[in-house]
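Participant: Below are the chains, spelled out letter by letter.
2 protein chains.
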Amino acid sequence: MVNKAVCIISGGMDSTLCGYIAKYEDQKDIIALHFNYGQRTQDRELKAFQEIAKSLNAIKSYSIDLDFFTAIGGSALTDTRIDVPKEGISDDIPITYVPFRNGIFLSIATAIAEKEGANSIYIGVVEEDSSGYPDCRERFIDAFEKAANLGTKPSTNLQIVTPLIELKKEDIVQKALALNVPLELTWSCYEREDVACGKCDSCRLRLKGFEKAGVKDQIPYL
Amino acid sequence: MVNKAVCIISGGMDSTLCGYIAKYEDQKDIIALHFNYGQRTQDRELKAFQEIAKSLNAIKSYSIDLDFFTAIGGSALTDTRIDVPKEGISDDIPITYVPFRNGIFLSIATAIAEKEGANSIYIGVVEEDSSGYPDCRERFIDAFEKAANLGTKPSTNLQIVTPLIELKKEDIVQKALALNVPLELTWSCYEREDVACGKCDSCRLRLKGFEKAGVKDQIPYL
Chain H
10 MVNKAVCIIS
20 GGMDSTLCGY
30 IAKYEDQKDI
40 IALHFNYGQR
50 TQDRELKAFQ
60 EIAKSLNAIK
70 SYSIDLDFFT
80 AIGGSALTDT
90 RIDVPKEGIS
100 DDIPITYVPF
110 RNGIFLSIAT
120 AIAEKEGANS
130 IYIGVVEEDS
140 SGYPDCRERF
150 IDAFEKAANL
160 GTKPSTNLQI
170 VTPLIELKKE
180 DIVQKALALN
190 VPLELTWSCY
200 EREDVACGKC
210 DSCRLRLKGF
220 EKAGVKDQIP
230 YL
Chain W
10 MVNKAVCIIS
20 GGMDSTLCGY
30 IAKYEDQKDI
40 IALHFNYGQR
50 TQDRELKAFQ
60 EIAKSLNAIK
70 SYSIDLDFFT
80 AIGGSALTDT
90 RIDVPKEGIS
100 DDIPITYVPF
110 RNGIFLSIAT
120 AIAEKEGANS
130 IYIGVVEEDS
140 SGYPDCRERF
150 IDAFEKAANL
160 GTKPSTNLQI
170 VTPLIELKKE
180 DIVQKALALN
190 VPLELTWSCY
200 EREDVACGKC
210 DSCRLRLKGF
220 EKAGVKDQIP
230 YL
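Residue numbers (this note's numbering), protein chains in the order written: chain H, 10 to 231; chain W, 10 to 231.
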């Protein structure tokens, strides 16, 4: 029986755990999907993705270049003229928001799923800790799933699976440890590729998660 | 008042008329958007797009490379190992179908609209003459619009406009002539870039449209 899942894997903790859930809890064959979209830490994230795809025994890997994000701009993640904030997390939509990023990622994942005959797409969005990105919310994912099924062949019939959507960062760390996820292979920092800065929103969320879980993060920090 | 529209323009008749409707009927400032996705006639279509964007006095143009469509494959439009059919149009989903192409196009258009502060996206999909592509149907477009608005900032509030969706090809030719659309700049052929083949589905639909409208197509045919 065909039981393939397209897993979007950025190289961070969330998407890596998501891939492990697809593989070991849901017994899927993994088609690993990664995007290079001109984000500051693109090379480091790609390295993490490759190591994680290997650790998942992915049956196929797609690493897709989306150079146009740099041309669209408007985000501190892809425009080096805008500073990555290090003052802590606010309630607003942050300047690291990349316009409709998950919409673009999911639409490409949909095309790949249709081509490969996969019946699900896994994406590691987290609603509560998502720093207010609108494209991480459950109602967006549900609406997108409807659109994807209306815009593909009737036989495609996709489910978009978000196993992390209701988790907090400390739950993610704990669940990852329980599933033997190699968290030391993952990369979260928005700013640096050699050692993590420890101060950007993404580092802050990661470190808080480890701290609350009572575990030490094994990656190097500045 | 801001009244910008992102217009997806392939370089064919439908999307060109769609741009003219946005500009001259709906009084929009045009942000012209084109995709190079490894389709066989990519260079000829890009040339058509550039000439059409100029004729529309577009305030901005985006020509976006999506090389990954070739890697995904599965369509005669992007995989040169699959022949473009020339036997006439059938009722099935044709081999020229590119998985979720309009979904990907609309998701990128959504990101650009959000960045540019545009409040609408124009796309020249035609339901009846669309040769059975699932991502040309009105219910897909409606579902996508919902997803786009849930996945972007509240201030974005986009409308996806499909002025051609209920038209037949002869209506499109007649409406284009009435609006002084430079149809001689447009390119429809799936197969050739020098002169149109006259036999692929896209040429057949175009020629039938001109014939029923009682007008001669000015582009060169084989």
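Each hint should be verified, as a subset may be incorrect.
Copies of one chain are not kept apart here, so a pair can be met inside one copy or by any two copies together.
Distance condition first, Cα-Cα at most 27 Å in a straight line; then the derived DSSO-like pairs of lysine-lysine [stated by the list, open to error]: (1) K155 with K124; (2) K184 with K13; (3) K184 with K217; (4) K208 with K177; (5) K162 with K177; (6) K208 with K162; (7) K208 with K32; (8) K69 with K225; (9) K63 with K221; (10) K184 with K162; (11) K124 with K162; (12) K13 with K225; (13) K184 with K63; (14) K13 with K208.
Calculated from the structure, these hints are not laboratory results. Small disclaimer: the values here were computed from a predicted structure and weren't measured.
Participant: At 27 Å max between alpha carbons, let me know whether K13 reaches K225 within a copy, between copies, both or neither.
Facilitator: neither (34 Å within a copy, 50 Å between copies)
Participant: Are the CA atoms of K208 and K177 at most 27 Å apart within a copy, between copies, both, or neither?
Facilitator: Only inside one copy: K208 and K177 sit 19 Å apart there, 57 Å across copies, limit 27 Å.
Participant: Checking an output row: K208 and K162, CA cutoff 27 Å. Within, between, both or neither?
Facilitator: Classified as between; 25 Å across copies, 45 Å inside a copy.
Participant: Between the shortest in-copy and the shortest cross-copy C-alpha distance, which are at most 27 Å for K155 and K124: within, between, both, or neither?
Facilitator: Classified as both; 18 Å inside a copy, 25 Å across copies.
Participant: When Cα atoms must be at most 27 Å apart, do K184 and K63 count as within-copy, between-copy, both, or neither?
Facilitator: So K184 and K63 pass the 27 Å test inside one copy only (20 Å; across, 55 Å).
Participant: Regarding K208 and K32, is the shortest C-alpha distance of 27 Å or less found within a copy, between copies, in both, or in neither?
Facilitator: Neither: 32 Å inside a copy, 47 Å across copies.
Participant: Pop the pair K162 and K177 into one bin, within, between, both or neither, using alpha-carbon distances up to 27 Å.
Facilitator: So K162 and K177 pass the 27 Å test across copies only (23 Å; inside, 36 Å).
Participant: Within, between, both or neither: how does the pair K63, K221 come out at a Cα-Cα threshold of 27 Å?
Facilitator: neither (29 Å within a copy, 57 Å between copies)
Participant: My question is about K69 and K225: at a cut-off of 27 Å on alpha-carbon distance, are they close within one copy, between copies, both, or neither?
Facilitator: neither (32 Å within a copy, 50 Å between copies)
Participant: Could you figure out if K124 and K162 sit no more than 27 Å apart (CA to CA) within one copy, between two copies, both or neither?
Facilitator: within (10 Å within a copy, 31 Å between copies)
Participant: At most 27 Å between alpha carbons: which applies to K184 and K162, within, between, both or neither?
Facilitator: Neither way: K184 and K162 sit 36 Å apart in one copy and 31 Å across, limit 27 Å.
Participant: Checking K13 and K208: alpha-carbon separation at most 27 Å within a copy, between copies, both or neither?
Facilitator: So K13 and K208 fail the 27 Å test inside a copy (38 Å) and across (38 Å) alike.
Comparing the model with each earlier hint shows violations of hints 7, 8, 9, 10, 12, 14; every other hint is respected.
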